[in-house]
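Protein chains: 2
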Amino acid sequence: MYPKSLQTLIESFRSLPGVGEKTAERYALTMADKDMVEVERFAQALVDVKTKITHCPICGNLTEQEVCEICENKERNHKQILVVQSAKDILALEKTGEFRGTYHVLNGLISSSKGILPEDLNIDTLVNRAKDADEIILATSTTLDGETTAMYLSKLLNQKCPEVLVTRIAHGLPSGGLLDYADEMTLMHALTNRKKV
Amino acid sequence: MYPKSLQTLIESFRSLPGVGEKTAERYALTMADKDMVEVERFAQALVDVKTKITHCPICGNLTEQEVCEICENKERNHKQILVVQSAKDILALEKTGEFRGTYHVLNGLISSSKGILPEDLNIDTLVNRAKDADEIILATSTTLDGETTAMYLSKLLNQKCPEVLVTRIAHGLPSGGLLDYADEMTLMHALTNRKKV
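Keeping their order, the protein sequence lines are chains U and F.
Using this note's numbering, you'd call the opening residue of the first sequence number 427 and step up by one each time.
Using this note's numbering, you'd call the opening residue of the second sequence number 427 and step up by one each time.
These are calculated hints, taken from the structure and not from any lab test.
Possibly wrong hints are sitting among the right ones.
One copy or any two copies: either way a pair holds, since identical chains are not told apart in the list.
Under the rule of at most 16 Å between Cα atoms (straight-line distance), these lysine to aspartate or glutamate pairs were calculated in the EDC-like manner [stated by the list, open to error]: (1) K505 with E561; (2) K514 with D546; (3) K448 with E545; (4) K448 with E524; (5) K521 with E495; (6) K621 with E437; (7) K505 with D558; (8) K476 with E490; (9) K540 with E610; (10) K521 with E466; (11) K557 with D546; (12) K478 with E490; (13) K505 with E490; (14) K581 with E466; (15) K557 with E464; (16) K460 with D474; (17) K505 with D560.
Taking the hints into account, I'd like the entire structure generated from these sequences.
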């Protein structure tokens with residue numbers, strides 16, 4: 427048996443997604459070999475993430491402030507709201523530098539297989555925000571659950587705020603995508619959404 | 427950008443072996459969603475591993491005690507010493523329940539590619555222990571570095587303690603190994619070391 431404190435650390439690492447016994451052991455033994463300073467910073471970061479970070483009350487993004495940086499930013503278009511599944515997606519979109527509106531984090535997707543219902547998600551606040559918006563862009567994944575959620579939201583928003591434009595991100599071949607590697611659904615969408623060039 | 431504390435945690439996770447940016451993000455966001463109790467236990471385990479765990483002065487195994495459990499155990503055969511690369515290997519061997527001797531952790535392997543020399547390893551203490559032993563079992567991996575280290579140790583031990591029996595763990599096909607999947611070296615060893623049945 428490993429010493430008790432090492433065993434506890436292995437169990438903590440095992441609770442991470444996709445980490446099995448062997449990987450957790452490797453992580454824990456790596457930590458045992460690191461400098462005290464580095465390990466303490468790691469431990470502190472863990473506690474900080476729990477104590478300092480909250481969800482932005484407006485959009486649901488992760489933040490250390492009362493309201494997140496994006497919602498606070500007056501230069502962004504607050505009448506254009508892009509709806510994503512999780513805070514992680516915001517970072518990916520911000521990296522493109524393309525979008526200057528604001529976001530809304532659902533914190534999950536409607537899923538019959540996982541038993542996640544619309545009321546489990548951050549949807550009420552979205553409907554409230556939509557009343558003052560010009561456009562709501564539905565940017566959930568193009569998976570089954572993502573499409574279901576987008577479909578549900580488009581119906582709900584068109585009904586509750588009929589004056590707001592509700593759009594869905596484009597489907598098609600990814601950049602650098604090879605035609606013969608694409609699945610049927612992707613090809614079908616790529617064909618249906620073809621554009622005049 | 428993620429909030430600062432989350433960014434720090436992502437960097438800490440990135441320092442683990444084989445963890446890239448995406449995985450570190452996933453780990454950090456998972457931690458942000460966990461209970462405070464669980465996160466605090468994780469943070470405490472990290473600090474404990476550094477403050478409580480040391481290397482056993484006799485065999486080099488990880489321990490929270492002055493001398494590790496195995497070296498302390500009087501029921502084990504202290505005249506039979508099994509030499510491994512790292513403390514991790516001890517756990518794997520202990521799980522078999524087959525071996526009742528003691529261990530010696532080298533803390534690495536001699537490696538020309540990584541520039542690891544015999545003097546970087548826990549070899550001096552091994553030679554001292556070997557003087558009172560009956561058998562030294564070399565159980566380093568059957569990789570290039572493992573074989574080099576075993577070769578070096580066998581020469582050194584035969585020279586310094588000629589009365590001690592130095593053995594090497596068996597090479598051959600692994601259990602459940604298919605003949606046509608085995609590499610040439612494994613097959614060669616499996617043939618050379620064949621036994622009368």
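Tested hints:
1. In this homomeric assembly, K505 and E561 come within 16 Å of each other (Cα to Cα) only inside a single copy, at 7 Å, whereas the closest approach across copies is 78 Å.
2. Taking the shortest Cα distances, K514 and D546 never come within 16 Å of each other, neither inside one copy (19 Å) nor across copies (43 Å).
3. Taking CA atoms no more than 16 Å apart as the test, K448 paired with E545 passes in neither setting, with 39 Å inside one copy and 29 Å between copies.
4. Taking the shortest alpha-carbon separations for K448 and E524, neither the intra-copy value of 41 Å nor the inter-copy value of 21 Å comes in at or below 16 Å.
5. For a Cα distance limit of 16 Å, the shortest separation of K521 from E495 inside one copy, 15 Å, qualifies, whereas the shortest one across copies, 52 Å, does not.
6. Neither within a single protomer nor between protomers do K621 and E437 lie at most 16 Å apart by alpha-carbon distance, with minima of 53 Å and 42 Å respectively.
7. Taking the shortest Cα distances, K505 and D558 sit within 16 Å of each other inside one copy (7 Å), while across copies they are farther apart (81 Å).
8. Taking the shortest Cα distances, K476 and E490 sit within 16 Å of each other inside one copy (10 Å), while across copies they are farther apart (29 Å).
9. Taking identical chains as interchangeable, the C-alpha atoms of K540 and E610 are never at most 16 Å apart, the minima being 25 Å within one chain and 48 Å between chains.
10. For a Cα distance limit of 16 Å, the shortest separation of K521 from E466 qualifies neither inside one copy, at 30 Å, nor across copies, at 32 Å.
11. Taking identical chains as interchangeable, the C-alpha atoms of K557 and D546 are never at most 16 Å apart, the minima being 21 Å within one chain and 69 Å between chains.
12. Taking identical chains as interchangeable, the C-alpha atoms of K478 and E490 lie at most 16 Å apart only when both belong to the same chain, with a minimum of 6 Å there against 33 Å between chains.
13. In this homomeric assembly, K505 and E490 never come within 16 Å of each other (Cα to Cα): the closest approach is 24 Å inside a single copy and 59 Å across copies.
14. Taking the closest pair of Cα atoms, K581 and E466 never come within 16 Å of each other, the shortest separation being 50 Å inside a single copy and 43 Å across copies.
15. Taking the closest pair of Cα atoms, K557 and E464 never come within 16 Å of each other, the shortest separation being 48 Å inside a single copy and 40 Å across copies.
16. With identical chains, the CA atoms of K460 and D474 are at most 16 Å apart between copies only, with a shortest distance of 13 Å across copies and 21 Å within one.
17. Taking CA atoms no more than 16 Å apart as the test, K505 paired with D560 passes inside one copy only; the shortest distance there is 5 Å, against 81 Å between copies.
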